[in-house]
Amino acid sequence: MAVVYEKTGVLTDTPLHYCPGCTHGIIHRLVAEAIDELGIQGKTVGIAPVGCAVFAYNYFNVDMMEAAHGRAPAVATGCKRVNPDNIVFTYQGDGDLASIGAAEITHAATRGENITVIFVNNAIYGMTGGQMAPTTLPGQVTTTSPYGRDPALCGYPIRVSEMLATLDGPGYIARCSVHDVKHIMDTKKCIKKAFETQIARKGFSMVEVLSTCPTNWGMTPREALNWLEANMIPQYPLGVKKEVE
Amino acid sequence: MGQKMLMKGNEAIAEAAIQAGCRFFFGYPITPQNQIPEYMSKRLPKIEGGCFLQAESEVAAINMVYGAAGAGGRVMTSSSSPGISLKQEGISYIVGAELPCVIVNMVRGGPGLGSIQPAQSDYYQSTRGGGHGDYRMLVLAPSSVQEAVELTQTAFDLADKYRNPVLVMGDGLIGQMMEPVEMPEYKKPADLPEKTWAATGWTPSSDRERAIINSLYIDPAVLEKHVNHLYEKYAVMERTECRWQEEMTEDADYVIVAYGTTARIARSAMRKLRAEGIRAGLIRPITLWPFPNAPIAKAAEHAKAFLTVEMSMGQMVDDVRLAVDGKKPVRFFGRTGGIVPTVREIITEVEKIAKEEA
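Top to bottom, those sequences are chains A and B.
With numbering that gives the first Met the number 0 applied, the first sequence corresponds to residues 0 to 244, in that order.
With numbering that gives the first Met the number 0 applied, the second sequence corresponds to residues 0 to 357, in that order.
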């Protein structure tokens, strides 16, 4: 029988623990395929976050480190400085990266730290049960914004990609989405581009991926994809925010 | 190298680290330890493969240490009390992930911002773990610049040997004073194992397991096994790594227990007391953890009383009491950050105890 599709060897055979309909699985696959296609598995080190992707070290078939909450860019910095020929990436959610880890991501970016960051933004804290994130949309109901996020009370969502794109250190920053096939394919191109930026030693690279959380959004997977497209993309416009030639 | 030089404690520690093969330093400015990162920022970029990086915070610095240690680097950070508090989260993770590194704490007065002068009030934090979870760290407390040099070099080997962080704890005086030092050139001991566990890049055809640098053990039974494994290491450290110095304890009626700079002042007091005809002795813990219980328990067999002297309100005195185990009175004299106990004050305290015991 002809093989039409094969799981990349850069993912282990461990079953993913993610909820049904969660888009982490897609993003894991895109990252792993990018590593595979660039032929860098043997020199890649991944840094897992605290959050839903905390067990990423069980899934990516490369050397991995598990960081404290928000500190993945600092851990990646230490790793990269010791072995500059390694390809080092972090995989972080929005609570991890944009809230508790805001300092670490900002300074890794402004240092032009030659690492790649996969930033999964689903506008909520998933693992802890659906609390408000720095990226939660105005009016969005979460377990800690039960009346909807009120900007007068707790401010506005952070557009991390735009913010970091103002810095001189980054070589590549893009925001993508995985709500349909076309955008999934675009996301893969961006992730590959981010790794290529690191390989070419052009400085910090990050891909922000808009993602869904059907469980904590209280939606079916299909509704969640639609909600992402209708609500998140207007707040978080897609596209390349910075690219150094 | 090898000849005697006049060096400030902080700079001597930095050079000793370099001579011990330390090639990576991540830190953040805080008084009174700034000469360590400053020295490293001058030296490390001139050494092949060396990297000094000023982190955005103490929190980031210790996590850079985690990443560098996880990648197999010989790595160090330094700070002073408030900064060490900030590093505690990272230290807990480093212990959990079994990574070797050296951390220097030039202790200053607290709590809070406290003062920038020498203190010993971080004893509890240093010897009881400091961060969250069940763990221990080897804590080395030099009492001279020369000893700081030697213990810093030892610290790197101990860290690698046990895959556990080692804390070099100086009161601010050790960092700030200048003393003649002989800087030993370092020779890497042959018996240190290769860091085959480090995350340096792997494929399925590699001749080792895939590296996972991690402190998460979600299954409670697996976590308990992991923590038991850590405690087996700590048991070995307690058996084999305990260091102390004893002076004139064999016939001592009154045993002073002090570490770091305070021990030097206590030594002067002890000698003067001897000259007065009072049989005083001194036990100076060099490892604060593991604590030298044995010599203290032994001295408790014949001594009349103990005096613990610290630049704090009394923290190590708890360990002295545990070691003495109620057999003899244990008294305490201490001053807080920046107020160094004087020889006269210590003599007065011992005389007071001698009078009461008589």
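Don't read these hints as lab results, they were simulated from the structure.
Every value quoted in this text rests on a predicted model; they were computed, and no experiment measured them.
Virtual Cβ for every residue (Gly too), placed ideally from N, Cα, C.
Treat the hints loosely; a few may be bogus.
Derived pair list, reagent style DSS-like, types lysine-lysine, alpha-carbon separation capped at 25 Å [said to hold, decoys possible]: (1) 7/B - 201/A; (2) 42/A - 194/B; (3) 160/B - 186/B.
Some, not all, of what chain B presents toward chain A, calculated at C-beta under 10 Å [stated by the list, open to error]: (4) 60; (5) 183; (6) 205; (7) 347.
Label pairs and their computed distance ranges (CB to CB) [stated by the list, open to error]: (8) 233/A - 231/B: 22 to 32 Å; (9) 228/B - 233/A: 43 to 53 Å; (10) 13/A - 231/B: 52 to 62 Å; (11) 1/A - 203/B: 47 to 57 Å; (12) 216/B - 128/A: 47 to 57 Å; (13) 128/A - 242/B: 16 to 26 Å; (14) 133/B - 16/A: 23 to 33 Å; (15) 109/A - 231/B: 36 to 46 Å; (16) 209/B - 225/A: 51 to 61 Å; (17) 0/A - 231/B: 30 to 40 Å; (18) 184/A - 235/B: 18 to 28 Å; (19) 127/A - 112/B: 25 to 35 Å.
Hint validity - residue 60/B Cβ closer than 10 Å to any chain A Cβ = 8 Å, holds
task = For the pair supplied as a hint, residue 7/B and residue 201/A, confirm whether the alpha-carbon distance does not exceed 25 Å.
result = Outside the cut-off at roughly 40 Å; violated.
task = Starting from the range 47 to 57 Å, see whether the pair residue 1/A and residue 203/B falls in it by beta-carbon distance.
result = Hint violated: Cβ distance 25 Å, outside 47 to 57 Å.
query = Does the Cβ pair residue 127/A, residue 112/B satisfy 25 to 35 Å?
reply = Given about 33 Å between the Cβ atoms, the range holds.
task = With chain A as the partner, please determine if residue 205/B meets the hint condition of a C-beta pair closer than 10 Å.
result = 8 Å, holds
ask   = Do residue 184/A and residue 235/B keep their Cβ atoms within the hinted range of 18 to 28 Å?
value = 55 Å, violated
query = At the C-beta level, are residue 0/A and residue 231/B separated by a distance inside 30 to 40 Å?
reply = Since the Cβ atoms of residue 0/A and residue 231/B sit about 52 Å apart, the hinted range of 30 to 40 Å is violated.
query = Between residue 216/B and residue 128/A, does the beta-carbon spacing fit 47 to 57 Å?
reply = Cβ of residue 216/B to Cβ of residue 128/A: about 21 Å, so the range 47 to 57 Å is violated.
query = Is 36 to 46 Å a correct range for the gap between the Cβ atoms of residue 109/A and residue 231/B?
reply = 43 Å, holds
message = Does the beta carbon distance between residue 133/B and residue 16/A stay inside 23 to 33 Å, or does it fall outside?
response = About 26 Å separates the Cβ atoms of residue 133/B and residue 16/A, which means 23 to 33 Å holds.
query = When the nearest CB of chain A is found for residue 347/B, is that gap smaller than 10 Å?
reply = Violated: closest Cβ of chain A sits about 48 Å from residue 347/B, beyond 10 Å.
ask   = Per the hint of 22 to 32 Å, is the separation of the Cβ atoms of residue 233/A and residue 231/B within bounds?
value = 57 Å, violated
Violated hints, in rising order: 1, 5, 7, 8, 10, 11, 12, 13, 16, 17 and 18; the structure is consistent with all others.
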